[in-house]
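Chemist: The lines below spell out each chain.
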Amino acid sequence: MIEFQNVSVDFKQKTGKLTAVREVSFKIEKGEIFGIAGSSGAGKSTLMRTINLLQSPTSGHLLVGGKNITKYRGKPLRDHRRSVGMIFQHFNLADNLTVYQNIAFVLRTAGKTPAETEKAVCEYLSLVGLSEKAGAYPSKLSGGQKQRVAIARALAGGANILLCDEPTSALDAETTISILNLIKSLSKQLGITVVIITHELEVIKSICSRCAVMDGGNLIELGDVYDLFTKPQHDYTRQLIGHVHKHELPLKALRSMDGLLVRLTFRGWQANTPVISDATVRFGVNFNILAGRVEYIGGKPLGILYVNPLGNPESVRHALDYLKEVVREVEVIDNGV
Amino acid sequence: MGFDLRQALLEAFEETALMSGASLLSAVVIGGVLGLLLYATSSRLFVRNRIINQTAGVIINVVRSIPFLILLVLLIPLSKAVVNTTIGPAAVVIPLSIAAIAFFARLADASFSDVNQGVIEAYISTGASKWSVIARILLPEALPSLVRNVTVTAVSLVGFSAMAGTVGGGGIGDLAIRYGYQRYQPEVMLICVAILILFVQGIQLTGDLIAKSLDKKQ
Ligand SMILES: Nc1ncnc2c1ncn2[C@@H]1O[C@H](COP(=O)(O)OP(=O)(O)O)[C@@H](O)[C@H]1O
Ligand SMILES: [Mg+2]
Numbered sequence: 160m161i162e163f164q165n166v167s168v169d170f171k172q173k174t175g176k177l178t179a180v181r182e183v184s185f186k187i188e189k190g191e192i193f194g195i196a197g198s199s200g201a202g203k204s205t206l207m208r209t210i211n212l213l214q215s216p217t218s219g220h221l222l223v224g225g226k227n228i229t230k231y232r233g234k235p236l237r238d239h240r241r242s243v244g245m246i247f248q249h250f251n252l253a254d255n256l257t258v259y260q261n262i263a264f265v266l267r268t269a270g271k272t273p274a275e276t277e278k279a280v281c282e283y284l285s286l287v288g289l290s291e292k293a294g295a296y297p298s299k300l301s302g303g304q305k306q307r308v309a310i311a312r313a314l315a316g317g318a319n320i321l322l323c324d325e326p327t328s329a330l331d332a333e334t335t336i337s338i339l340n341l342i343k344s345l346s347k348q349l350g351i352t353v354v355i356i357t358h359e360l361e362v363i364k365s366i367c368s369r370c371a372v373m374d375g376g377n378l379i380e381l382g383d384v385y386d387l388f389t390k391p392q393h394d395y396t397r398q399l400i401g402h403v404h405k406h407e408l409p410l411k412a413l414r415s416m417d418g419l420l421v422r423l424t425f426r427g428w429q430a431n432t433p434v435i436s437d438a439t440v441r442f443g444v445n446f447n448i449l450a451g452r453v454e455y456i457g458g459k460p461l462g463i464l465y466v467n468p469l470g471n472p473e474s475v476r477h478a479l480d481y482l483k484e485v486v487r488e489v490e491v492i493d494n495g496v
Numbered sequence: 002m003g004f005d006l007r008q009a010l011l012e013a014f015e016e017t018a019l020m021s022g023a024s025l026l027s028a029v030v031i032g033g034v035l036g037l038l039l040y041a042t043s044s045r046l047f048v049r050n051r052i053i054n055q056t057a058g059v060i061i062n063v064v065r066s067i068p069f070l071i072l073l074v075l076l077i078p079l080s081k082a083v084v085n086t087t088i089g090p091a092a093v094v095i096p097l098s099i100a101a102i103a104f105f106a107r108l109a110d111a112s113f114s115d116v117n118q119g120v121i122e123a124y125i126s127t128g129a130s131k132w133s134v135i136a137r138i139l140l141p142e143a144l145p146s147l148v149r150n151v152t153v154t155a156v157s158l159v160g161f162s163a164m165a166g167t168v169g170g171g172g173i174g175d176l177a178i179r180y181g182y183q184r185y186q187p188e189v190m191l192i193c194v195a196i197l198i199l200f201v202q203g204i205q206l207t208g209d210l211i212a213k214s215l216d217k218k219q
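These protein sequences, in sequence, are chains A and Y.
Numbering of the first sequence is given in the numbering used here, commencing with residue 160 and proceeding in unit increments.
Numbering of the second sequence is given in the numbering used here, commencing with residue 2 and proceeding in unit increments.
No lab work stands behind these hints, which were simulated from the structure alone.
Keep in mind that a hint or two might mislead.
Derived lysine-lysine pairs resembling DSS-like cross-links, with alpha carbons at most 30 Å apart [unchecked claim]:
1) K189(A) to K230(A)
2) K171(A) to K186(A)
3) K171(A) to K230(A)
4) K292(A) to K217(Y)
5) K292(A) to K131(Y)
6) K299(A) to K217(Y)
7) K234(A) to K131(Y)
8) K299(A) to K218(Y)
9) K217(Y) to K271(A)
10) K459(A) to K186(A)
11) K213(Y) to K292(A)
12) K218(Y) to K271(A)
13) K176(A) to K131(Y)
14) K213(Y) to K131(Y)
15) K186(A) to K234(A)
16) K230(A) to K186(A)
17) K278(A) to K217(Y)
18) K171(A) to K131(Y)
19) K218(Y) to K278(A)
20) K292(A) to K347(A)
21) K271(A) to K131(Y)
22) K131(Y) to K230(A)
23) K131(Y) to K278(A)
24) K271(A) to K226(A)
25) K131(Y) to K299(A)
26) K131(Y) to K226(A)
27) K218(Y) to K292(A)
28) K131(Y) to K218(Y)
Over the 12 Å line for every Cβ pair with chain Y, so calculated as not near, a few chain A residues [unchecked claim]:
29) L349
30) G382
31) R441
Quick reminder that beta carbons are idealized off the backbone N, C-alpha and C, glycines included.
Just chain Y, same shape as in the assembly:
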């Protein structure tokens, strides 16, 4: 074969995990805050503000409507400026993160909006500050749904990172294309696909398990 398949797979897997992990982290933190902003500026009970809400909404929609591959290419100059390289996982973390932030912000907004407004209102009526209600009531109430949406984002990111890999990020997707497709080694392709399937299944199972254990509604 001319190359150590195990070693290559291991490296590729590491790259995939790094790319999706780092962008997932920024999606959850930044996207989560953006989602909260979208929710709070749309809710009568918090700080309803049409202008902020719609501006943020439009920006997020613009990012989401750009096909990921195009976003990736568009952001190459930015990546280069920030991480000073155009190859390797670090180069694609920025476009991946931006796509994931926009993706998760929408989902988080939906998670917050799904929390029973009556419950939020009941706690606002106790005289607690809005921050306390957000931190101690809204978040725990939205948490199971947020975890489900983190899972959805993580699964999408594995897919996106495979795409990103082909323009220089490396990872399992890249390996599959380079060896499985370009060098006619279908067994490499199969192994890569199997690894991706297992990885995604693992993420989904873990996510479901955590969400279920957090949800006390049933």
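Chain A extracted, bound-state conformation:
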């Protein structure tokens, strides 16, 4: 659907040129929700803006729907932009236009009649759940409502790609979830390909299927979101997701501990197996659970558990062997001496 071929973007600066995106190549498939993660200044927005040519690549090519759009100008460019909707961190609605006028603009300028425009505006307002706000001005709406209007504006013209540049970074946690759910359900319902930039990994974990990680203009890692979070290949990715998986064990719990400290990592549906109680029953080893949690990444569970096995060393060894067989990832972090 969207294919980057060696895309680079340079910016001229007083001190020379700044390469915001360097030789990036990858494909985004039709209908997927694709995430781009990375810290601020990594080049995420610049890369995304090449998709609708708000930013022209300095070199390389962009294929969208099989067509090379890189050199589009004039009418072909405007037609291409109509097929790509975009939403932003700060919503970017026109303050002096009503909700209705904000959305209607897109249809009127695409040559729709007033009747067609009205029909489409109403349809998309109801899709985002804001039918009763048609006549309101943006200043009277909450952040979440503004983003809903922005989504309706982005899609009302019939776009089949939705670009989201930090769409939830200005929203509270609860609103974030509702906006993400809306994006997810619209993508399914309308068959839209979604590209979403964020520095919040929670966003990627909750709605993306695949994800790219950028650092310093380079695309350093790309893959299935679950793999990325559970088996990051790159140091930077590990660092980026580090805080998500770091379980700070209270020092007090560690000091008062006897024996081993073991970390168990459950992937996928293993997380549902009652291995701990199995091991207790089979080997007579009790497990003191120090910390742990299960989180869901792209709908699949990832469980991490810190345990302190209590029992005679022989049984503990057997129990750990058993866990290694079932859970696979069992790490002895601290052997208690």
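Keeping the supplied structure of chain A fixed, place chain Y with the ligands upon it in accordance with the hints.
Modeler: Leaving out everything else, chain Y with the ligands in the frame of chain A:
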């Protein structure tokens, strides 16, 4: 007194209104277009063009840096050529307009530049033509600020027209100088000043009211 004060005041007021009104109109139309040109040629999202932008900018700055009284005298030959007279309101409308156009062009440029670039970019990204974005997004978004700047220009023009009046344009300012100052009738001077104050207050109040009703940001 030897002359009908009411009649003189009425005539003078009419002249002042004519001078400032006509030049305000050209300032808004021509200055507004120039302001839009300054903005569009400076913006990455429209038709960025250094050469046009800087040329227009320099010309406007040159006009603005000439003290109005000097501009007035400099342009007498031009006025004469165009309106074929050097007295009466018509004679000073050209220098007044030129000063006001340059003044308002700068203010309009600032009004356009104050519009959130993200909003403009969001609408450019919808595939609409640049003209549609200018006419249907940029203008409504800039409108409250443009109205405030029209008000500022109108108030300045009342002042300028008083100055212009003294070199032959007539109007309230001229009346004040001729009777109040040269003929020692301080009460005429006071009445003229009072009228000017009321006139300016009226312009300001009306402008503020319109701007406020157009601004939906709050
Ligand atoms: N229009 C521009 N002109 C000059 N430099 C820019 C421009 N846009 C972005 N940059 C620079 O490019 C780099 C990447 O920016 P951006 O793509 O916005 O990063 P991100 O979205 O990952 O935070 C930054 O160093 C930024 O300063
Ligand atoms: Mg960004």
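Chemist: All hints, please: hold or fail.
Modeler: Hint by hint, here is what the structure shows:
At most 30 Å may separate the alpha-carbon atoms for a hinted pair to count; K189(A) and K230(A) meet this at roughly 22 Å. Distance check on the hinted pair: K171(A) and K186(A) sit about 28 Å apart at the alpha-carbon level, within 30 Å; holds. Simply put, K171(A) and K230(A) have alpha-carbon atoms about 20 Å apart, close enough for the 30 Å limit, and the pair holds. Of the supplied pair hints, the one linking K292(A) and K217(Y) holds, its CA atoms being roughly 15 Å apart against a limit of 30 Å.
Restraint check for K292(A) and K131(Y): the C-alpha separation of about 28 Å stays at or below 30 Å, so the hint holds. Only pairs whose Cα atoms come within 30 Å are accepted, and K299(A) paired with K217(Y) is accepted, the gap being roughly 9 Å. A hinted pair counts as satisfied when its Cα atoms are at most 30 Å apart, and K234(A) with K131(Y) qualifies at roughly 12 Å. The suggested pairing of K299(A) with K218(Y) holds, with an alpha-carbon distance near 9 Å, which does not exceed 30 Å.
For a cut-off of 30 Å, the pair hint linking K217(Y) to K271(A) stands: about 27 Å separates their Cα positions. Pair hint K459(A) plus K186(A) holds up; C-alpha atoms about 23 Å apart against a cutoff of 30 Å. Note on K213(Y) and K292(A): the hinted pairing holds, with a Cα-Cα distance of about 22 Å set against a maximum of 30 Å. The straight-line distance between the Cα atoms of K218(Y) and K271(A) is roughly 28 Å, inside the 30 Å bound, and the hint therefore holds.
A hinted pair counts as satisfied when its Cα atoms are at most 30 Å apart, and K176(A) with K131(Y) qualifies at roughly 29 Å. Between K213(Y) and K131(Y) the alpha-carbon distance is near 27 Å, which keeps this suggested pair within the 30 Å criterion. Under the criterion of a C-alpha separation no larger than 30 Å, the hint pairing K186(A) with K234(A) is consistent with the structure, at around 26 Å. Only pairs whose Cα atoms come within 30 Å are accepted, and K230(A) paired with K186(A) is accepted, the gap being roughly 19 Å.
In summary, the hint linking K278(A) to K217(Y) is supported, as the alpha carbons are separated by about 25 Å, within the 30 Å threshold. Taking the CA atoms of K171(A) and K131(Y), the gap is near 25 Å; set against the 30 Å cutoff, the hint holds. Between K218(Y) and K278(A), the direct Cα distance comes to roughly 27 Å. Compliance with the 30 Å bound is thereby established for this hinted pair. Of the supplied pair hints, the one linking K292(A) and K347(A) holds, its CA atoms being roughly 25 Å apart against a limit of 30 Å.
Distance check on the hinted pair: K271(A) and K131(Y) sit about 18 Å apart at the alpha-carbon level, within 30 Å; holds. This hinted pair checks out: K131(Y) and K230(A) have alpha carbons roughly 18 Å apart, not beyond 30 Å. Taken as a hint, the K131(Y) and K278(A) pair is honoured in the structure, with Cα atoms around 25 Å apart against an allowance of 30 Å. A threshold of 30 Å between alpha carbons decides the hint, and for K271(A) with K226(A) the separation of about 25 Å falls inside it, so the pair holds.
Straight-line distance between C-alpha atoms of K131(Y) and K299(A) comes to about 28 Å, which keeps the hinted pair within the 30 Å bound. With a C-alpha separation of about 24 Å, the suggested pairing of K131(Y) with K226(A) holds against the 30 Å cut-off. Pair hint K218(Y) plus K292(A) holds up; C-alpha atoms about 16 Å apart against a cutoff of 30 Å. At roughly 24 Å between alpha-carbon atoms, K131(Y) and K218(Y) fall within 30 Å of each other, so this suggested pair holds.
For L349(A), the shortest C-beta to C-beta distance to chain Y comes to about 17 Å, beyond the 12 Å cut-off, and the non-interface label holds. No Cβ of chain Y approaches the Cβ of G382(A) within 12 Å, the least distance being about 29 Å, so the stated non-interface status holds. A cut-off of 12 Å between C-beta atoms confirms that R441(A) is not in contact with chain Y; the least separation is 61 Å.
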